[in-house]
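J.: Number 199 in UniProt numbering belongs to position 199 of the first sequence; there are no gaps in the numbering.
Please keep in mind that the hints were generated in silico from the structure rather than gathered at the bench. Computed from a prediction, not measured in an experiment: that's the story for all the values here. Glycine included, C-beta positions come from ideal geometry on N, C-alpha and C. Errors might be hidden in some of the hints.
[Unchecked claim] Result set (DSS-like, lysine-lysine): computed pairs, CA atoms no more than 30 Å apart in a straight line:
| # | residue 1 | residue 2 |
| --- | --- | --- |
| 1 | Lys-140 | Lys-176 |
| 2 | Lys-176 | Lys-186 |
| 3 | Lys-174 | Lys-186 |
| 4 | Lys-186 | Lys-140 |
| 5 | Lys-140 | Lys-184 |
| 6 | Lys-140 | Lys-174 |
| 7 | Lys-184 | Lys-174 |
[To be verified] Computed beta-carbon distance windows for the label pairs:
| # | residue 1 | residue 2 | range |
| --- | --- | --- | --- |
| 8 | Leu-236 | Glu-198 | 54 to 62 Å |
| 9 | Asp-215 | Phe-260 | 52 to 60 Å |
| 10 | Arg-204 | Asn-143 | 45 to 53 Å |
| 11 | Glu-213 | Gln-253 | 23 to 31 Å |
| 12 | Gly-122 | Glu-194 | 33 to 41 Å |
| 13 | Ser-245 | Glu-213 | 44 to 52 Å |
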Amino acid sequence: MAIPVSKPLSLSGLLSEPLPDPLALLDIGLPAGPPKPQEDPESDSGLSLNYSDAESLELEGTEAGRRRGEYVEMYPVEYPYSLMPNSLAHPNYALPPAETPLALEPSAGPVRAKSTARGEAGSRDERRALAMKIPFPTDKIVNLPVDDFNELLARYPLTESQLALVRDIRRRGKNKVAAQNCRKRKLETIVQLERELERLGSERDRLLRARGEADRTLEVMRQQLTELYRDIFQHLRDEAGNSYSPEEYALQQAADGAIFLVPRGTKVEAAD
DNA sequence: CACTGATGTCATTGA
DNA sequence: CTTCAATGACATCAG
Numbered sequence: 001m002a003i004p005v006s007k008p009l010s011l012s013g014l015l016s017e018p019l020p021d022p023l024a025l026l027d028i029g030l031p032a033g034p035p036k037p038q039e040d041p042e043s044d045s046g047l048s049l050n051y052s053d054a055e056s057l058e059l060e061g062t063e064a065g066r067r068r069g070e071y072v073e074m075y076p077v078e079y080p081y082s083l084m085p086n087s088l089a090h091p092n093y094a095l096p097p098a099e100t101p102l103a104l105e106p107s108a109g110p111v112r113a114k115s116t117a118r119g120e121a122g123s124r125d126e127r128r129a130l131a132m133k134i135p136f137p138t139d140k141i142v143n144l145p146v147d148d149f150n151e152l153l154a155r156y157p158l159t160e161s162q163l164a165l166v167r168d169i170r171r172r173g174k175n176k177v178a179a180q181n182c183r184k185r186k187l188e189t190i191v192q193l194e195r196e197l198e199r200l201g202s203e204r205d206r207l208l209r210a211r212g213e214a215d216r217t218l219e220v221m222r223q224q225l226t227e228l229y230r231d232i233f234q235h236l237r238d239e240a241g242n243s244y245s246p247e248e249y250a251l252q253q254a255a256d257g258a259i260f261l262v263p264r265g266t267k268v269e270a271a272d
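The task is simple: from the sequences and hints, build the whole structure.
T.: In structure tokens, the structure reads:
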């Protein structure tokens with residue numbers, strides 16, 4: 001009894017405190033069986049009892065706050081065994097564990113041994129469904145189309161808390177699949193982006209090489225131009241037979257292709 | 001024991 | 001307005 005139940009076990013107390021392990025509740029609802037040790041593997045959610053797990057037990061997250069009340073209501077119901085799936089349709093079918101202060105009898109409390117691990121028989125929701133005597137399998141709860149799902153719900157007289165659990169199971173199940181798909185997409189996106197990165201890296205290398213090549217070509221052409229200038233200016237003479245200085249004069253080509261020798265700093269006019 | 005990837009869950013958001 | 005899928009964030013577990 002590690003859950004300190006110092007407060008009076010009132011309904012309000014139930015509403016404000018996480019309920020103990022649903023499988024502890026299961027013990028109450030089941031026909032007398034062999035006495036279970038407190039650490040009965042089945043009685044644990046499979047997770048250690050930290051805060052999130054504690055609240056995940058039965059009152060899972062939001063519902064703990066938002067719908068907690070629904071789990072507390074309990075209407076005794078006679079199950080139409082004839083309607084039930086074979087595995088569940090038997091006279092021993094017990095009502096869902098009464099959601100009464102009795103349920104507060106903790107199976108072990110916050111320091112319960114971590115006896116079940118992920119992967120042990122049944123998911124947490126499957127165990128919750130079992131504990132709450134949900135008369136149909138969780139995979140149906142999760143995978144049935146909306147209409148079929150509603151039809152299924154209509155076939156059984158469920159308590160409010162059972163209904164709430166079933167809806168949560170469906171929501172969690174759907175979200176679990178959505179999360180799996182989401183992660184798959186994310187990984188695919190990463191792979192795709194890595195490929196794109198590789199492609200762009202290659203493209204960058206190619207462009208860098210092309211630029212180097214162009215730079216080299218440009219340098220060669222500059223040298224050729226310099227030599228050409230030198231050659232031309234070596235042969236150019238003014239009326240007095242003096243050579244022109246390449247520092248003071250430049251060669252320019254007009255639009256019509258004619259070549260002019262002009263003082264640097266001036267521009268050849270367009271020829272008509 | 002710390003780290004990391006996988007998985008489940010919850011809250012939120014946009015369609 | 002309600003429902004639901006997608007997704008970020010967090011917790012837990014296993015290796």
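J.: Which hints from the list above does the structure break, by number from lowest to highest?
T.: 9, 13
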